[in-house]
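Asks: Kindly produce the complete structure, drawing on both the sequences and the hints.
In order, the protein sequences belong to chains S and F. Going by the working numbering, the first sequence wraps up at 121, each residue one higher than the last. Going by the working numbering, the second sequence wraps up at 1260, each residue one higher than the last.
In case anyone wonders, no lab produced these hints; they're calculated from the structure. Accuracy of the hints is not assured; some may be wrong.
Cut-off 20 Å, straight-line C-alpha distance, at most; resulting in silico cross-link-like pairs (PhoX-like, lysine-lysine) [claimed, not checked]: (1) Lys1156/F / Lys1191/F; (2) Lys23/S / Lys117/S; (3) Lys1156/F / Lys71/S; (4) Lys66/S / Lys25/S; (5) Lys25/S / Lys115/S; (6) Lys1094/F / Lys66/S.
Just so it is clear, the structure is predicted and the values come from calculations on it, not from any experiment.
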Amino acid sequence: MAGVMIVEDDSALRELLRDALEKRKYTVIAAADGREALAKFRPSVVDLVITDLLMPEEDGLMVIMKIREIKPSTRMIAISGGGMAGPGSYLMMASKLGADAVISKPFLPSELVMKVKELLE
Amino acid sequence: MSTRKDKDQADNSQKTPGSDPGAGSRLGALAGGIAHDLNTVITTIYGYSEMALESLTGSPEAAGNIRKIIGAADRARLLTGQLLDLSRHAAREKVPVRVAAVLADTIDFIRPSVPEGIRIMRRVTAPDAYVNAVPAQLFRIFLNLTMNAIQAMTGKGGTLTVTLGCRENVKPIHHDGECRELHIRFSDTGKGMDEALQREIFKPFVSAGKEHGTGLGLTVVADAIREMGGTITVSSEPGAGTAFDIIIPGAFFGTLPEKH
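Replies: Here it is in structure tokens:
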């Protein structure tokens, strides 16, 4: 089954997304920030990355840019709950930087799983 | 350690004569930050509720209770929506903004995401010049132009040079470093554009980067600059790079001298 990486600094949401995707038989690799994500990305088999955008340490925009360089075929979904730089601004930037899909929080796990399935088909 | 999350909620170095015209922006930033964090919590509530409903069989009472949790999360979602509305509303307040500070914030913000082989140079000769603007809007203008330049140079590498100064053919105002008009230039050494694309680039749904983006970025940028009473022009050469020149009227705090 495909490998999915979750990059999210909120531990409760990270575990929820892990549960939701493992239930659908995806192999899940989780990371709490961009730095950990990049460290885990290279030695793992990752077909799709789901990344939050505003995180301490290295953030989601950096993750998208770096992964586009390391393995351009990786599909990417950016998730965000908004922010002062303008609601939607971060998701717009993520899209410009190479995210295949963007989803605003709050969302249902089923919405995310559907998008993962669609991108990996 | 200063992170992008901290910067997102930071003050925008506004000059505040008399009352506190930046208060609304700061309140908006606070509201946006709270909404962001709450939306993450609500996603978790929705998520486990949905999963619990999926795995539940033969207990209508428990299913009803979970639906009530989802209902409460829906109400919380409405509240975060209102907070984001407040953030949007506050983010429309025009205040005197020190342009060099917003430019520095923008470059600091994007720098961690800049691919190897791309450099950003900043040359500021009017560090204390102000314009009347919505701080978040000015930030987005600079961010958009910076990201377009990065996109144009991705793969081949290059340099984005951002300059900020008083407009050359207009005499500066000789106190506090204020400018009658500011000239901001974003000049990259990327793939450039032909003349046909340059003529169309500020129109909606026209994009130099075909892979990503909506083609609305430069239209929004041009509209926002017009709202400030300014102009933006483009000059470019295929294979050599592109420059965007922005002229914006300065903001003044003393008596405005007569035009020379």
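Asks: Give a verdict on every hint.
Replies: Now for the hints, and whether the structure bears them out:
As the CA atoms of Lys1156/F and Lys1191/F are separated by approximately 8 Å, the hinted pair is consistent with the 20 Å bound. Distance restraint check for Lys23/S and Lys117/S: the Cα-Cα separation of roughly 13 Å lies within the 20 Å cut-off, and the hinted pair is therefore satisfied. Annotation: proposed proximity of Lys1156/F to Lys71/S holds, straight-line Cα distance about 17 Å (limit 20 Å). The suggested pairing of Lys66/S with Lys25/S is violated, with an alpha-carbon distance near 27 Å, which exceeds 20 Å.
With a CA separation close to 15 Å, the supplied pair Lys25/S and Lys115/S stays within the 20 Å bound. A threshold of 20 Å between alpha carbons decides the hint, and for Lys1094/F with Lys66/S the separation of about 36 Å lies outside it, so the pair is violated.
Hints 4, 6 from the list above are not met by this structure, while the remaining hints are.
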